[in-house]
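Heads up: the protein sequence lines correspond to chains A and B, in order.
Going by this note's numbering, the first sequence wraps up at 359, each residue one higher than the last.
Going by this note's numbering, the second sequence wraps up at 259, each residue one higher than the last.
Watch out, some of these pointers could steer you wrong.
Said to hold, decoys possible - SDA-like, lysine to any residue: derived pairs with alpha carbons at most 20 angstroms apart: (1) 126(A) - 166(B); (2) 125(A) - 164(B); (3) 152(A) - 151(B); (4) 248(A) - 258(A); (5) 152(A) - 150(B); (6) 126(A) - 164(B); (7) 126(A) - 165(B); (8) 126(A) - 169(B); (9) 126(A) - 147(A); (10) 152(A) - 175(B); (11) 125(A) - 165(B); (12) 126(A) - 170(B); (13) 125(A) - 154(B); (14) 152(A) - 174(B); (15) 152(A) - 166(B); (16) 125(A) - 169(B); (17) 152(A) - 154(B).
I should point out that these hints are in silico values taken from the structure, not numbers from a laboratory.
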Amino acid sequence: MPQTSIAVSFRAVSRHYGAVKAVDDVSFDILDGEFFAMLGPSGSGKTTCLRLIAGFEQPTSGVVTIHGQDMAGVPPYDRDVNTVFQDYALFPHMNVAENVAYGLMIKKVSAAERAKRAEEMLAMVKLAGFGVRKPSQLSGGQRQRVALARALVNRPSVLLLDEPLGALDLKLREQMQVELKAIQRQVGITFIYVTHDQGEALSMSDRVAVFNQGKVEQIASPAELYENPKTEFVAGFVGVSNLLQGEAAAAVTGAARACSIRPEKIHLAPAGSATPDNAMTIEGEVESLLYLGANTRFDIRLPGGGHLAVMQQNRGTHYAPELGTKVTLWWDRRHLMTFAG
Amino acid sequence: MRSKALAADRATPRANAGLRAAAWFAVLFLNLPILFIVLYGFTTDDQSYSFPPPGLTTRWFGVAFGRADLWSALWLSVSVAFIAMIAALILGTLAAAAMYRFSFFGKESITLLILLPIALPGIVTGISLRAAFDLADIPFSYWTIVAGHATFCIVVVYNNAIARLRRSSPALIEASMDLGANSLQTFRHVILPNLATALLAGGMLAFALSFDEIIVTTFTAGQQTTLPIWMFRELVRPHQRPVTNVAAIIVMVITFGPILVAYYLTRDTQDVAGSGK
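Could you put together the complete structure from these sequences and hints?
In structure tokens, the structure reads:
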């Protein structure tokens, strides 16, 4: 494996606003060339971490380094990072080309060179020829691309993206996910991506950090995060929540520890069926079912009072119980996730 | 698209007769007096404003041209208004930027203090300024008039600037800094261009307020005679009365230019600013 250097590093970083601990004693490293997502609900500290890297915030304590350099007291305009803002923050009094060339203009790059590089960037985000328009004449998706071009034209070592797809509709969002990932591979720089949408984080990232209440719960690859969540919070936040607690959990595990099982890992069988040796088994009753085309989602009521969602592909060969039917649920023992406390 | 079509449909029916009459009455009520001022600039009667004028003449324009006191008063008013406007533009913009950017103890009280000069009756501002200048042993001069006018000119610039700042996204400043611009470059390339039309409007309003101000001026002027004070004295003295009207006509003609220019300059930018939201 080639030597990878660290692009951004957090060492025991806290950012407090009075009694509010927006970021609380956080340490992690982001590698060079990585697509790194910071995922969490609103107020979890992910955006504050992004602003600490950009330089809009200073840590209350701890150290943020970019390529090994301590960033304490370094203002945003002296950092080799650029940001794609949530509401794009395009300059309304400049046309698209002037917006993209802004960073180069500040660096006193010649007008001819500026125009050339701005046009190249606009071509990369598929907006060639849009240079003379004003931001107000563009659609949301087009503004988003301009914001991306404006940040990338400066060839930063790290690109920060603050929920960049949040304002777009679903179809455009999916399309932009594919394009963002392609652009990241093309330019090869570190992307740090803040989002509250787990789908976005899982589909694009090399690694995901899950934030909760100012702390990092887990940092892992998308598959690892989904298959092996370390905490109850991660299990519930990433993927469909199938968390059992208290008595319901005891009915499954035999101990009152919280546990979770992914809906697609559960098999349905007629009540009283024999199950494989390595399986865990529980009886339940179909309380509701949702036909979703490719899949059907069953909600099963358990004797202990809990509920489990079961997702089953509509292959036409599976056992498909009706509403109110008593069924046997089983799953491979390895797929049950248990959590301490 | 659909809502636009509906709006067009609604605009098509003609307003009823009563509403139209009321609208015309309001327009005439506002503008007819101005026509009378123009009319009496041409009257042959130099003692009183009798209607209809006994005859028409252009000789008052010649008389006005020869009156050095009129031209010095006009020049004084233009110069005071210009300096007061510049002072208001600088101080009003800075005050707005500070109020927008920072929050600190007593901020609301200071906002009130900035707005007070325009809320207070001019006579109160005038008396208090006169008392203050007296106490501080500052002789009344050109600069005491400018200072008096600047107190309320700052308010209109401040109001325009802070309204525009509040409407523009705070992320614009962060975006500029993120792209490598320091505070000064951000101010020059992002904040100032965004404020430009607001400052133009605020500056013109400040100029206009200062230009026709008479109450505060009465208290803060020494021997100086601004145009409003000159006009007031001319009206009291029944001598060559139409010269006052000629002065008013000259002022109207001169001010019409900047108003048209400002209208055309701000028209497009307002469209752009509005269409985004």
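Taking the hints in turn, this is what the structure says about them:
1. 126(A) - 166(B): Status holds; Cα separation ~15 angstroms.
2. 125(A) - 164(B): holds (11 angstroms)
3. 152(A) - 151(B): This hinted pair holds, its Cα atoms lying about 16 angstroms apart.
4. 248(A) - 258(A): holds (16 angstroms)
5. 152(A) - 150(B): holds (16 angstroms)
6. 126(A) - 164(B): Holds. Residue 126(A) to residue 164(B) sits at ~13 angstroms (cutoff 20 angstroms).
7. 126(A) - 165(B): holds (16 angstroms)
8. 126(A) - 169(B): holds (17 angstroms)
9. 126(A) - 147(A): Violated, because 24 angstroms separates the two Cα atoms, which is more than 20 angstroms.
10. 152(A) - 175(B): holds (15 angstroms)
11. 125(A) - 165(B): Given that 20 angstroms is the threshold and the Cα spacing comes to 14 angstroms, the pair holds.
12. 126(A) - 170(B): Roughly 15 angstroms between the alpha carbons, so the hint for residue 126(A) and residue 170(B) holds.
13. 125(A) - 154(B): Answer holds: residue 125(A) to residue 154(B) is near 18 angstroms, not above 20 angstroms.
14. 152(A) - 174(B): holds (18 angstroms)
15. 152(A) - 166(B): At roughly 24 angstroms apart (the allowed maximum being 20 angstroms), residue 166(B) and residue 152(A) break the hint.
16. 125(A) - 169(B): holds (16 angstroms)
17. 152(A) - 154(B): At roughly 15 angstroms apart (the allowed maximum being 20 angstroms), residue 154(B) and residue 152(A) satisfy the hint.
Going down the numbered hints, you'll see the structure goes against 9, 15, while the others check out.
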